[in-house]
Amino acid sequence: MADFETFVQRILGFKRTGEIGKQKTSEAPTLLPGPDDPIFEGIPIANKLAAFKTITSMLAEIKRSTAVQIGDNLQSLQDSEERLQLKVSDALGQLAVGQHEIVAVTTTIAERLFKVVVTKNYARDDKDPLPPTPHPIILHPLEPDDLQGWSAFDYMIAYTKNSANYW
Amino acid sequence: VQDNNQCTSHTHTINRKPPSLSTHLWILSNVLCKGGQSNHDWTEVTTNLTRYVMARSFQKMNHRFNNKYLSLPFFRSLLNVNAVPIMSQQTLEKERDQMEVDSDRRFLEDFINISPLENHDFIDVKIPNILHLAINLSSDDNSLELYTNKTSTEFHQLLLDILVKFRGALQKVTSYDNANAKKDTTGEDPAREDTFNKNIHNIHVYGYALLRLSRGHAFRLHLENIAKLLEDPFHSGEEKEDSDEEEEDSDEEEEDSIEDFDEELEAIQPTFPRTGGLPKSYTAWLRLMVSHFDAIEIVVRFLQKLQCDTISVDILVAPRTDNTLLPWQELFSGSYLPNMDSGRNTTGIPSQDDIRVFLEQGISRAEAVNHDFELAKMACIQWSPAQNPQHSQATTTLGLFPVNSNIRPQVNDILAKINEWQLIPHVAPKREKAAVSRIILSMMRHLKTDLQHQKDGLFFFSKLEDMKLPEWPMGTSANQLSFHEISQL
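Each protein sequence line maps, in turn, to chains A and B. Heads up: the first sequence is residues 1 to 167, going by this note's numbering. Heads up: the second sequence is residues 1001 to 1489, going by this note's numbering.
Just so you know, the hints here were simulated from the structure itself, not pulled from any lab data. Honestly, I wouldn't trust all of these hints.
[To be verified] Below, a list of computed lysine-lysine pairs in the BS3-like style, where the Cα atoms sit at most 25 Å apart: (1) K1463(B) <-> K63(A); (2) K1305(B) <-> K115(A); (3) K63(A) <-> K1150(B); (4) K1305(B) <-> K63(A); (5) K1172(B) <-> K1068(B); (6) K48(A) <-> K1463(B); (7) K1150(B) <-> K1228(B).
Please read all numbers here as calculations on a predicted model, not as lab measurements.
Use the sequences and the hints to build the structure in full.
Quick look at the structure:
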């Protein structure tokens, strides 16, 4: 049997940067199928989600079980725009997470539009509605109910100030 | 870094609950998009956005800083450096990165010069040489040398002072928060607001200073200079830290166990580079502590340059499902993943069959080692106390080790020694038999330790069979880069 760490490195060595459909993503393993890949045909969505959870659970266990050597996954990413995109997606991911959320962020730029897609998974202190169907849904950030005509900037400041009263 | 007193003018009453991710993203996208175009300049936007992010994430930051295994060893090791050595010629000649020098300059401009130094609890150390540099700073001077043999001791004391105060502010606001959580929090409380805002302000000020230092040339030189005095956080002092921490932070200990926070922090561990020496690990640690500040700076700088009209945010929400996992055997059965190499082995990537066989073999080995370990444990119990061993039971237990086990030679040696022990005549002095008996016990314990090591090495496989969906307790950005990678960007 091959050494466990060597084996893990062999698998983890092949990751990062690729394209799903035509949309570039910050961290799409090139070796995984896209959403329309025929390989997924006929598999119920619940099974796909269960498969995804198995993958993430196994990755979490690998991290706990062995010190994964950090390689430079960006070496092959010479395109400075892609590097910047990756950096900004990572930064937005950091900012999106407050305490317990689990997110993945991808970004694209088209003309003067900066498009962000946040993939959100269930977290135990979730406050947002979950899809009523077994399928994923796309939501758009909603204006707060209590905005009362305020600008987002002033609302943010009020929230910061007010946070003393609920945190 | 600006004072946030302007907040007091906002008397708007809003819902008494933290923003959901949806509301949070609405705030972020609107503030970031319109921030540069409205009557608020980017400095004002950055300042208020930072305060807002601090108010939203201070618990996570506090927990990250105070992790006793992965963070506090770095902090304490720095605290334990009492005397800063004279820089070696090699350190003095380190190449200067202009971006790092710029970060040092901004540290002096934005923190030292603007900080209200007359307020004695803001910086508690005397830094005359650094102050001199800050006062005489010229904006177009690219030759700034913040870290020299003249300033190195001041720099170290200042660094520690900022770290201690940053940690203190995080702890204060978190403990205040915890205390409040147990009370009825209906109704506004000006004292609570003052305390909260003061600590958020301090987290902002000290966190920003640490960001500048972590990106600067001076900090890098300092770490090189004191490298020999630093402890390797992954190889020393863990037990000591452990016991210290238990006494010091018993409340946190309780909270940690309740919240089961370890998983995310375990996940952070491998992101520290293990190569490149201790200075790199320490830099990675500090950058992680202030990653929120870094993230704000990256996003704001990017959007300033982009001048975008619109930020569009979509949230892809997965349905809530139960915790059922797909059995891993099925995952690699060919239906869920592309068979990357189909056994041709031309790319070096394991095929799904390779992976499945590898995992099956690993599980079998883990089961065998766990079984052997239990036998060794049993034998140790049966041979202890060594003066009066249950030798026949121990012999039977040792006989249960599989013949083809890789530790069978060790087992045979122990059995031979037991045989030798049995052949010692009754008339021989008691201590002669006792001495051999102790050797046997020691051999058994060796065997048990060896098996424990093997067991540790196969931990992944042991967990694989009963793997449950982890409750990820703290927020995770799935595409969070390692700090090694961030430094390459």
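Quickly compare the C-alpha distance for K63(A) and K1150(B) to 25 Å and report which way the hint goes. Violated: K63(A) and K1150(B) sit about 44 Å apart, past 25 Å.
Checking one constraint from the list: CA of K1463(B) to CA of K63(A), max 25 Å. Satisfied? Holds, because 12 Å separates the two Cα atoms, which is no more than 25 Å.
Does K48(A) pair with K1463(B) here, judged by a C-alpha cut-off of 25 Å? 22 Å, holds
Task: Proposed proximity, K115(A) with K1305(B) (alpha carbon, max 25 Å) - done: 16 Å, holds
- prompt: Going straight from one Cα to the other, do K1172(B) and K1068(B) come out at no more than 25 Å?
  reply: 18 Å, holds
### Query
Do the alpha carbons of K1305(B) and K63(A) lie within 25 Å of each other, as the hint requires?
37 Å, violated
Regarding the pair K1150(B) and K1228(B), is the alpha-carbon distance no greater than 25 Å? OK: K1150(B) and K1228(B) at ~20 Å, within 25 Å.
Taken one by one, the earlier hints fail for this structure at numbers 3 and 4, listed in ascending order.
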